[in-house]
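Participant: Protein sequence lines, in the order shown, are assigned to chains D and L.
The numbering used here numbers the first residue of the first sequence as 190 and each following residue consecutively.
The numbering used here numbers the first residue of the second sequence as 190 and each following residue consecutively.
It should be emphasised that the hints constitute simulated quantities derived from the structure, not laboratory data.
Ideal placement from N, C-alpha and C gives every residue a C-beta, glycine not left out.
Among the hints, a few may not be true.
[Unchecked claim] A short, non-exhaustive set of chain D residues, derived as facing chain L with CB atoms under 8 Å:
1. N268
2. S272
3. E317
4. E331
5. G332
6. K333
7. V334
8. P335
9. P338
10. L340
11. L421
12. L431
13. S436
14. C437
15. P438
So you can see what is in the structure, the chains are spelled out below.
Protein chains: 2
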Amino acid sequence: MSYEVINVAGRPMRLLGSGEVFPRKALVGCQGIKGAYSQQAARKMFPERTEMFFRSFAGVIEAVKSGLVDYGILPIENNSYGSVRGTYRQLLDADVTIVRGERLLIRHQLLVKPGNRFEDITSVRSHEQALGQCGTFVRSVEGKVPVIPVLNTAVAARYVAECGEPGAAAIASPEAAEAYGLEILENRISDSDNNYTRFVCISREPVIYPGASRISMILSTAHRPGALYEILGFFASAGLNLVKLESCPIVGRDFEFMFYTDVEGNAADPRVREVLSNVKKCCSVFRFLGNYSEG
Amino acid sequence: MSYEVINVAGRPMRLLGSGEVFPRKALVGCQGIKGAYSQQAARKMFPERTEMFFRSFAGVIEAVKSGLVDYGILPIENNSYGSVRGTYRQLLDADVTIVRGERLLIRHQLLVKPGNRFEDITSVRSHEQALGQCGTFVRSVEGKVPVIPVLNTAVAARYVAECGEPGAAAIASPEAAEAYGLEILENRISDSDNNYTRFVCISREPVIYPGASRISMILSTAHRPGALYEILGFFASAGLNLVKLESCPIVGRDFEFMFYTDVEGNAADPRVREVLSNVKKCCSVFRFLGNYSEG
Numbered sequence: 190m191s192y193e194v195i196n197v198a199g200r201p202m203r204l205l206g207s208g209e210v211f212p213r214k215a216l217v218g219c220q221g222i223k224g225a226y227s228q229q230a231a232r233k234m235f236p237e238r239t240e241m242f243f244r245s246f247a248g249v250i251e252a253v254k255s256g257l258v259d260y261g262i263l264p265i266e267n268n269s270y271g272s273v274r275g276t277y278r279q280l281l282d283a284d285v286t287i288v289r290g291e292r293l294l295i296r297h298q299l300l301v302k303p304g305n306r307f308e309d310i311t312s313v314r315s316h317e318q319a320l321g322q323c324g325t326f327v328r329s330v331e332g333k334v335p336v337i338p339v340l341n342t343a344v345a346a347r348y349v350a351e352c353g354e355p356g357a358a359a360i361a362s363p364e365a366a367e368a369y370g371l372e373i374l375e376n377r378i379s380d381s382d383n384n385y386t387r388f389v390c391i392s393r394e395p396v397i398y399p400g401a402s403r404i405s406m407i408l409s410t411a412h413r414p415g416a417l418y419e420i421l422g423f424f425a426s427a428g429l430n431l432v433k434l435e436s437c438p439i440v441g442r443d444f445e446f447m448f449y450t451d452v453e454g455n456a457a458d459p460r461v462r463e464v465l466s467n468v469k470k471c472c473s474v475f476r477f478l479g480n481y482s483e484g
Numbered sequence: 190m191s192y193e194v195i196n197v198a199g200r201p202m203r204l205l206g207s208g209e210v211f212p213r214k215a216l217v218g219c220q221g222i223k224g225a226y227s228q229q230a231a232r233k234m235f236p237e238r239t240e241m242f243f244r245s246f247a248g249v250i251e252a253v254k255s256g257l258v259d260y261g262i263l264p265i266e267n268n269s270y271g272s273v274r275g276t277y278r279q280l281l282d283a284d285v286t287i288v289r290g291e292r293l294l295i296r297h298q299l300l301v302k303p304g305n306r307f308e309d310i311t312s313v314r315s316h317e318q319a320l321g322q323c324g325t326f327v328r329s330v331e332g333k334v335p336v337i338p339v340l341n342t343a344v345a346a347r348y349v350a351e352c353g354e355p356g357a358a359a360i361a362s363p364e365a366a367e368a369y370g371l372e373i374l375e376n377r378i379s380d381s382d383n384n385y386t387r388f389v390c391i392s393r394e395p396v397i398y399p400g401a402s403r404i405s406m407i408l409s410t411a412h413r414p415g416a417l418y419e420i421l422g423f424f425a426s427a428g429l430n431l432v433k434l435e436s437c438p439i440v441g442r443d444f445e446f447m448f449y450t451d452v453e454g455n456a457a458d459p460r461v462r463e464v465l466s467n468v469k470k471c472c473s474v475f476r477f478l479g480n481y482s483e484g
């Protein structure tokens with residue numbers, strides 16, 4: 190593997206040569222159960238892969254650190270709930286690097302046991318949020334059959350596969366259909382496409398692949414008017430565009446914040462590395478999470 | 190009611206006189222079911238109140254706009270999930286004003302049918318997140334009795350009250366205990382106190398109560414490096430401290446953002462109003478949500 194070691198705000202990173210490409214095949218750790226949307230993200234990132242499922246974000250990260258899996262997939266932001274702070278909290282202290290991002294448009298599908306038709310449906314299960322996102326469909330069946338919220342969409346699909354009710358239906362992902370041997374009766378029942386989750390792929394190797402365009406970091410500033418303003422000044426004066434900025438209060442310490450911050454840039458450019466060094470000097474906490482491209 | 194009308198970035202607001210106090214008594218709309226944590230927020234804001242429950246955030250807002258209820262209570266930020274974007278999206282277009290905030294430390298309690306003791310427990314139900322937050326307790330009972338995740342904590346409490354299983358237990362709020370006639374067997378079973386949700390109280394009257402110290406707004410800037418930097422410059426140069434800043438991508442329009450922005454200040458100060466006017470001029474979207482104090 191051809192690479193050059195560069196120093197990104199105090200962190201040695203391997204900048205891979207232009208011939209290096211992101212792997213197609215890997216053993217990948219995901220959080221949740223088979224058929225979860227994180228499996229769909231894994232599939233988009235690694236066309237050929239083997240998945241292992243873990244109960245928690247911490248479990249995925251531990252598996253990456255120990256080498257039990259090659260990579261881990263974690264949700265980092267959702268357009269309904271904002272940043273997944275559980276993921277950020279784990280990333281802050283874990284010695285892993287974000288090497289890839291994937292923005293996944295969530296397209297809910299109506300799943301039934303093979304051979305069933307619309308008129309055979311006797312109940313519909315899904316996550317509460319997914320039921321809300323498929324309001325038009327849900328209103329069309331409500332009153333006729335029970336509509337039952339369950340913990341998550343993959344659990345709904347597993348229920349349809351394993352329960353004794355032949356007419357049960359679930360609203361879930363195509364991965365869930367495959368995982369539990371179900372049939373897709375309708376493949377677009379969301380009211381809008383305004384529903385996505387961003388996932389990141391983490392590695393224990395501190396690498397930057399060619400074409401990386403997004404830099405993610407967590408930083409904390411002194412609590413005084415203008416502290417953040419000063420930091421953004423470094424980005425602005427170097428022409429680095431801010432693509433994410435989110436304050437997260439540090440509980441227990443009043444009015445202290447972590448900022449989840451993403452800018453567009455590639456650390457191969459020495460000017461970008463200089464900006465990051467300057468920003469780091471203004472921060473009480475500075476954690477470079479990775480420089481990667483997003484699918 | 191004594192007040193002066195002031196212009197806050199183009200929006201006429203009633204600045205209440207120093208003798209005016211926040212009401213103790215009101216008809217209040219909450220989202221969810223009886224025993225939800227939003228009921229606890231309502232109780233802290235209004236010592237004497239009547240609650241009405243609505244299925245959705247939109248339902249609460251509609252009830253406030255139509256005058257069906259005096260005030261509405263909405264969750265706006267959670268320390269696990271970040272901003273509640275559903276609330277922000279509704280507030281962006283609704284002609285209502287935030288008049289009060291409340292930061293609620295969530296203290297989970299173990300609820301049982303009256304008379305039951307610890308050794309009588311045959312199952313434990315709660316929201317998955319609450320089970321995770323009470324890890325020490327959950328690990329102490331796991332293996333002995335089933336631990337079952339359900340949709341939310343109030344649903345778990347309702348189950349304990351209404352099911353046929355005498356030894357069922359729930360992890361939920363004291364309001365849920367009261368709503369469903371349950372007994373609190375242990376009143377602090379969370380692993381840490383790092384668990385809070387911020388709620389806001391909305392009114393259809395555009396008022397600012399005396400002592401207001403927080404200004405909330407939603408803004409959107411041009412997509413160019415430094416646009417946000419310029420805006421923060423107005424706040425910084427006036428010494429207004431930023432207490433929240435969160436970017437939220439506008440889905441469907443690549444790389445355009447809404448910023449959920451809170452600063453410390455009182456719009457009675459003409460200098461503060463001047464800053465807000467200047468900020469508004471730099472924004473493609475500027476929505477002043479309210480100026481209020483937080484309990």
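Participant: Confirm or reject each hint.
Facilitator: We went through each hint and held it up to the structure:
no.	hint	verdict
1	N268	6 Å, holds
2	S272	5 Å, holds
3	E317	6 Å, holds
4	E331	12 Å, violated
5	G332	16 Å, violated
6	K333	19 Å, violated
7	V334	19 Å, violated
8	P335	15 Å, violated
9	P338	6 Å, holds
10	L340	6 Å, holds
11	L421	4 Å, holds
12	L431	6 Å, holds
13	S436	5 Å, holds
14	C437	7 Å, holds
15	P438	7 Å, holds
Hints 4, 5, 6, 7 and 8 from the list above are not met by this structure, while the remaining hints are.
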